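All chains, full assembly: derive it from the sequences and hints.
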Amino acid sequence: NAGVTQTPKFRILKIGQSMTLQCTQDMNHNYMYWYRQDPGMGLKLIYYSVGAGITDKGEVPNGYNVSRSTTEDFPLRLELAAPSQTSVYFCASSPPRALNTEAFFGQGTRLTVV
Amino acid sequence: TQLLEQSPQFLSIQEGENLTVYCNSSSVFSSLQWYRQEPGEGPVLLVTVVTGGEVKKLKRLTFQFGDARKDSSLHITAAQPGDTGLYLCAGARGGSARQLTFGSGTQLTVLP
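Chains as they are written, first to last, in the working numbering: chain A, 1 to 114; chain B, 115 to 226.
Treat the hints as calculated values from the structure; they're not laboratory data.
Heads up, none of these hints are tricks.
In silico DSBU-like links for lysine-lysine, alpha-carbon gap of 30 Å or less:
hint: 1; chain 1: B; residue 1: K184; chain 2: A; residue 2: K44
hint: 2; chain 1: A; residue 1: K57; chain 2: B; residue 2: K184
hint: 3; chain 1: A; residue 1: K44; chain 2: B; residue 2: K170
hint: 4; chain 1: B; residue 1: K171; chain 2: A; residue 2: K44
hint: 5; chain 1: B; residue 1: K171; chain 2: B; residue 2: K184
hint: 6; chain 1: B; residue 1: K170; chain 2: B; residue 2: K184
These numbers come from a predicted model, not from an experiment.
Written out as structure tokens, the structure is:
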């Protein structure tokens with residue numbers, strides 16, 4: 001049972017480079033999320049999606065873009081990497097009829113921008 | 115922005131001791147969740163509390179939701195080294211977006 005799968009697990013980028021963080025889930029969840037986690041700061045919501053074709057900004061969306069062409073996939077795009085985007089990124093999903101927003105997380109992508 | 119403050123930020127105790135972690139906010143949440151995160155992994159849900167004053171038990175872990183649904187606590191009895199990890203509380207707002215607001219976490223270390 002794969003759950004939420006993120007790739008890559010680690011990446012080093014130079015300032016100004018671009019990359020896409022991949023996220024896929026096999027649980028048929030409607031809701032998907034991208035968070036970033038910085039030391040001592042908890043998780044901050046970057047973008048979320050309530051279903052295929054629908055995305056919306058979270059708390060810290062600047063510098064990122066997302067798309068949701070299928071239920072399964074929710075990639076996160078960094079166009080011009082900056083040192084401030086050094087963080088651990090988590091993708092999560094929620095089932096369509098969950099009573100209280102339980103989120104299932106991937107293992108994370110550790111990104112360093114130098 | 116609805117903030118969730120967790121305390122303490124760090125906690126190091128001996129095996130067998132009891133401990134309590136607190137999660138406080140000035141805002142009301144429709145529900146509150148507790149997650150545990152281990153190094154190199156994503157957070158894993160432990161419990162969801164919904165009703166003000168609700169108490170839930172998960173083996174040696176006891177979770178309580180405040181009467182006003184603004185705060186919560188996690189109590190661990192007779193802590194074991196396997197309880198070591200980052201404990202995160204997360205508050206859910208109502209509505210269709212199902213967004214969670216996370217606290218900054220409590221890093222617990224249980225020494226054998």
